[in-house]
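Chain U is already provided as a structure; the job is to place chains Z and E on it using the hints.
Spelled out, the chains give:
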Amino acid sequence: MDFLELVNFYIIPGLVIGSIYALGAVGITLVFAILRYAHLAHGDLATLGAFLALAVVTGFGISPLAALPIAILGTAAVAVGIDKVFYEHLRERPKIVTVMASLGIALMVRAVVQVIWGVDSESYVKGIVRPDVYFGLRIRDREIYTVIAMIALVGVLQVFLTQSKWGKAMRAMSDNPNLALLSGIDNKKVVMLTWIIAGGLCAAAGVFLGINTELKSMMGWNMLLPMFAAAILGGVGRVEGAVLGGLIVGVAEELSVLVLPSEYKAATAFAILLFMLLVRPTGLLRGKVL
Amino acid sequence: MKLKMLAIAGGLLAATALSTAGAKADVKIGLLGGVSGPIAAMAPAMIDAAQLAISQVNDQGGILDGETLVGVVGDSACNPQGGTDAATKAVNIEGVTAIVGPHCSGAVLAAAGSVTVPAGVTMVTPSGTSPEITGLDDNGMVFRTVPSDDYQGRALARTLREQGYEKVAVAYINNDYGTGLANAFKGEFEAQGGQIAGFAAHEDGKASYRSNLADLSSGGADTLVIFDYGDGTGLTILRQALENGFFERFVGGDGMKSDAVINELGTENLADYFASSPVGEASNALDTFNAAFTAVGGDPDAIFVTTSYDAAFMLALAIEKAGGDKAKVAESLREISNGEGEAILPGEWAKAKKLIDEGKAIDYKGAAGDHNFDVNGDVPGTFALFEVGAEGYEVVTNMK
Amino acid sequence: MELYGLLNYALFMGVFIGIYALLALGLNIQWGFAGLFNAGIAGFFAVGAYTSAILTSAAAEGRIGGFELPVIVGWFGAMGAAALIAWPIGKICLRFRSDYLAIATIGIAEIIRLVIKSEAELTNSARGITGLPRPFGDLDYMASQAAYLGIVLVVLAIAYVLVERQFNAPWGRMMRAIRDNEDAARAMGKNIEYRRLEAFIFGAALMGLGGALFAHFNRSITPEAIDPMVATFLVWIMLILGGSGNNRGAILGAAVVWIIWSVSEIATDQLPHEYAVKAKYIRLFLIGLLLQLVLRFRPEGILPEPLRGDLRHTKEGNRS
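Residue numbers (full-length UniProt numbering), protein chains in the order written: chain U, 1 to 290; chain Z, 1 to 400; chain E, 1 to 320.
Bound conformation, chain U alone (with noise of 0.2 Å):
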């Protein structure tokens, strides 16, 4: 096998659905990091955005990228809905029981896509579109919009972290909860700026795994393992950590191809991850160890 085919088949498909869990990683991160617990109705909220792009997609008849950010909204407010009706409540109690909640909304969420949108594959654009060639790789469009999109997106969010009042906020939560709440800083608002990332960056993930494949009512959450890998992966609270570790998920999956039977795929992220908690628990980039 030569170089470019190593790379047209393995490394950039890699790279793509990396980003797609890059996406979903960053907004598990911040959750585990801030609030403290595993988010399972992650991968279901993606669904939830992909669908609504669909919605806009096909009611106003603009191409998917032009409704990705009414998706983002859409989901957001979703998400800091379901955080004001449901988990807010649960603040003070064991995180387990919070986990246990977002089981049920993953439920929840997952009837609610199958009742209004109903169960069949559905695309946003019908038809295929085939590859350009570019120096011999080749590479969609829709392929480079997603990367592009990830990283502008997570370019944005680090800026925000690191430069305005509330994302410095939403850090020293993340970094030491008494501290924070002893210096002044108001929980309500970090929790629902927390809810507004998480659930515009899922939203981001599925209208982007959507563009490259199709929407089904099961994506998100077949998809929610090899997130929560990554998030790990790249180190509990660090955003850059979960972009790398969807990264590395991504093209690991790919590449296992070469090495594994192929229906071992899908136990590769867990191969890697169970590898790195066993060498390096903090995650490649020295997140927290909860």
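One thing to keep in mind: the hints can contain errors.
As the list claims (entries may be wrong) - Within a straight-line C-alpha distance of at most 30 Å, the following computed DSBU-like cross-link-like pairs (lysine-lysine) qualify:
1) K188(U) - K168(U)
2) K84(U) - K278(E)
3) K28(Z) - K278(E)
4) K84(U) - K168(U)
Read the hints as simulated data drawn from the structure, not as lab findings.
Chains Z and E alone, transformed into the frame defined by chain U:
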């Protein structure tokens, strides 16, 4: 107070449960399907097709003494836990006379083992393709209208060899359906002198299969045979293969003969795409079903709808023949479709009922085959290879 | 609906509740008493189910088997195999704290699922193993269900008594001490790693036994049964809802959650005929909503952990 709320919620559930004691006049059959879970996309159309058979029965005078046939839908969730639960409720709470389903083989095996066989309820699965169902110790109570994977895989292999396919790669979904078809196909294709230049299973629900495709195509095959579902992962694989120019021709099993493939990828891109599917020997049976299903807003090209329809219609015939006696349904099911007697096509309920009442033999010719059950309750199946034309799927050749 | 049917349905629910209660008891040893966040219940369940299936079934072409041992041997084998698998996993993973252990065990359960689904020589791959003997399976429908329920209840009672005795013994006190304050327990000279591993293995053995009971009840086991939703998450919901740290709570939680899970379908079937399929989605929505309500109003579970000793005078220990 909190406990009280729980108690009230539980009480409400129990009350609604008890109120289901329906009118005894109805004859019920259970329609168990994987409504939630991995095949959620396929289940609704299959259940709709079975409901079509039921509504035809009711429109043409009802069953037995003009009683209404009712389809009770249950969610088998495509796993044994859900399958046994749904079957128990159908048999004991709803009091069904027979069951269409469950859809997934694991659910069929478990429901047969713990519920329907002990309870003496006949079960016809429209989509449980596992060869394990053949050997099930079932007192002759478990049937299927879908041929076991072995038949179709081998028929497809022979047909492809006849058409001059030399070297193919096989991608199959890693479940009982895909594994069974792929192995049967591989054995026969090689026995006929063909070459398998790539043979790999894949997990359901991943977002990218381009590396799998690259790996499969590295063997030098020009044709990819896909055993998967056309509205699930199979669609993703076909799309990514077309987009990236892997392989020149594509052949699918019956799971791939889905309208989702045409809708999502477009007819113009599917010139080199073929799919096999079980068909009846009386070819107008399929047309009759297609027209009827289209008329009620169904999509006749959805997966396993013909087998679902046949299962429900045949059970209705068998219940009529058995006079509503649960214990005789299995025996009657063989009698109404054993190749002897007047031919009954899909939808011809009034005619069939009249003949049964007169004590004459009938022979159901279904949309998905003639369904002359063998001793294990399997059907041999006859298949045709389809291509995508302007009007959807069109027959290329019959397969032997 | 006749009484006969209702009774049969109740017997069936009883069997399932009993099996799930075993899983929940196993999880209670791990989480309720040792604080180990095992999210890979499905893996141990599967190992138990398949071990017993291989030991007791007739020979089949293409896979190991044909031992045709008595069912009871299969069940002990299931416990042994699940414990044996749990040992290296625990050895490696128990050093991770809560959420990491959860992710690691989810991953291991997925790997076990993929191995079972792919290795034909071991498990007949995706087709599963059929023709398992079921004790008293030759009786008529109701009698055979009742007999199996009796067996499940006896097994559950034995497990309950043993676990309960262990918890009230010094061993249980030590486990709670480790869970609530690891450093203090270490300072007392307790071998924390070893004790945790012990709890992990005991719990896994019970889960394996649950898997075996499940397989023989259905006379078959297929990879579809290892779905994380019904084999892992549902058990967690049962334990948390019933009250972690309380064995009776675990069993009660299994009963309440399975009844909600199963009976909700009958409730949503009351919707008009044309919504017959949609009703199934609405059912899952209702299950999710009921879970929210219970967690909202009984977050410590229906039967909270009994306060023992000095804890009676202090607030409940804060665990995360």
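Self-check item: Restraint status (C-alpha distance of K28(Z) to K278(E) at most 30 Å)
Solution: 20 Å, holds
Quiz item: Are the Cα atoms of K188(U) and K168(U) separated by 30 Å or less?
Solution: Holds, at about 15 Å.
Quiz prompt | Holds or violated: K84(U) to K168(U), with C-alpha atoms at most 30 Å apart | solution = 23 Å, holds
Quiz item: Given the proposed pairing of K84(U) with K278(E), does the C-alpha separation stay at or below 30 Å?
Solution: Holds, at about 28 Å.
When held up to the earlier numbered hints, the structure conflicts with none and fits them all.
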